[in-house]
Amino acid sequence: MKAEQTGLWHRNADGTELEHLTPPADPVYDPIAIARYMAELEEGDTAWRDCFAAQQITPHIIHNEQLENDPIGVLTDVLYLLGIDPARGAEIAPATDKLADSTNREWARRSWADHPTH
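My numbering puts the sequence shown at residues 1 to 118.
Simulated from the structure, these hints should not be mistaken for lab results.
Each hint should be verified, as a subset may be incorrect.
[Stated by the list, open to error] The list that follows gives simulated cross-link-like pairs (lysine to any residue, SDA-like), each with its CA atoms no further than 25 Å apart:
hint : residue 1 : residue 2
1    : Lys2      : Asn104
2    : Lys98     : Glu4
3    : Lys98     : Gln56
4    : Lys2      : Asp97
5    : Lys2      : Ala95
6    : Lys2      : Glu43
7    : Lys98     : Arg36
8    : Lys2      : Thr76
9    : Lys2      : Gln66
10   : Lys98     : Thr76
11   : Lys98     : Gly15
12   : Lys2      : Pro86
13   : Lys98     : Trp112
14   : Lys2      : Ala108
15   : Lys2      : Pro24
16   : Lys98     : Ser111
17   : Lys98     : Gly73
18   : Lys98     : Met38
19   : Lys98     : Gly83
20   : Lys98     : Pro71
21   : Lys2      : Asp114
22   : Lys2      : Glu68
23   : Lys98     : Cys51
24   : Lys2      : Gln55
25   : Lys98     : Ala39
26   : Lys2      : Ser102
27   : Lys98     : His10
28   : Lys2      : Arg88
29   : Lys98     : Ala108
30   : Lys2      : Tyr37
31   : Lys98     : Pro86
32   : Lys2      : Asn12
33   : Lys2      : Met38
34   : Lys98     : Arg88
35   : Lys98     : His63
36   : Lys2      : Asp77
37   : Lys98     : Gln66
[Unchecked claim] Label-pair ranges, simulated between beta-carbon atoms:
hint : residue 1 : residue 2 : range
38   : Thr16     : Ala47     : 34 to 42 Å
39   : Tyr29     : Ala90     : 36 to 44 Å
40   : Glu4      : Gly73     : 36 to 44 Å
Virtual Cβ for every residue (Gly too), placed ideally from N, Cα, C.
Construct all of the structure, not just a fragment, from the sequences and the given hints.
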């Protein structure tokens with residue numbers, strides 16, 4: 001949502017812009033658009049769960065917080081599950097930087113207040 005407004009989708013690990021698709025613009029909190037986006041995400045999650053259930057697949061679930069807090073640990077776990085030497089995960093350095101900032105935290109706080117059933 002914020003990336004759509006600002007045009008900035010990815011930043012290199014050193015902080016330089018990697019993918020800026022439109023001219024810079026200030027992001028604006030839009031509770032209706034956020035609710036619509038959340039509903040789309042929830043529909044997608046349901047569709048994936050249904051697909052996995054139909055195929056009798058137990059997915060390995062990775063939460064955003066896990067990936068944010070310990071990307072190498074998450075990678076190590078996935079490598080292990082794939083039968084690849086988990087030590088290879090230590091050789092990887094994230095190439096992109098996190099875009100989330102105080103604006104994202106404020107929007108999340110406001111969105112939870114606006115839609116406490118998320």
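Evaluated hints:
| no. | hint | in the structure |
| --- | --- | --- |
| 1 | Lys2 / Asn104 | 8 Å, holds |
| 2 | Lys98 / Glu4 | 16 Å, holds |
| 3 | Lys98 / Gln56 | 34 Å, violated |
| 4 | Lys2 / Asp97 | 15 Å, holds |
| 5 | Lys2 / Ala95 | 21 Å, holds |
| 6 | Lys2 / Glu43 | 20 Å, holds |
| 7 | Lys98 / Arg36 | 24 Å, holds |
| 8 | Lys2 / Thr76 | 30 Å, violated |
| 9 | Lys2 / Gln66 | 22 Å, holds |
| 10 | Lys98 / Thr76 | 20 Å, holds |
| 11 | Lys98 / Gly15 | 9 Å, holds |
| 12 | Lys2 / Pro86 | 34 Å, violated |
| 13 | Lys98 / Trp112 | 22 Å, holds |
| 14 | Lys2 / Ala108 | 12 Å, holds |
| 15 | Lys2 / Pro24 | 11 Å, holds |
| 16 | Lys98 / Ser111 | 20 Å, holds |
| 17 | Lys98 / Gly73 | 17 Å, holds |
| 18 | Lys98 / Met38 | 20 Å, holds |
| 19 | Lys98 / Gly83 | 29 Å, violated |
| 20 | Lys98 / Pro71 | 11 Å, holds |
| 21 | Lys2 / Asp114 | 18 Å, holds |
| 22 | Lys2 / Glu68 | 18 Å, holds |
| 23 | Lys98 / Cys51 | 30 Å, violated |
| 24 | Lys2 / Gln55 | 35 Å, violated |
| 25 | Lys98 / Ala39 | 24 Å, holds |
| 26 | Lys2 / Ser102 | 12 Å, holds |
| 27 | Lys98 / His10 | 8 Å, holds |
| 28 | Lys2 / Arg88 | 34 Å, violated |
| 29 | Lys98 / Ala108 | 16 Å, holds |
| 30 | Lys2 / Tyr37 | 11 Å, holds |
| 31 | Lys98 / Pro86 | 24 Å, holds |
| 32 | Lys2 / Asn12 | 18 Å, holds |
| 33 | Lys2 / Met38 | 13 Å, holds |
| 34 | Lys98 / Arg88 | 23 Å, holds |
| 35 | Lys98 / His63 | 15 Å, holds |
| 36 | Lys2 / Asp77 | 30 Å, violated |
| 37 | Lys98 / Gln66 | 14 Å, holds |
| 38 | Thr16 / Ala47: 34 to 42 Å | 36 Å, holds |
| 39 | Tyr29 / Ala90: 36 to 44 Å | 39 Å, holds |
| 40 | Glu4 / Gly73: 36 to 44 Å | 30 Å, violated |
When each numbered hint is compared with the structure, violations occur for hints 3, 8, 12, 19, 23, 24, 28, 36, 40.
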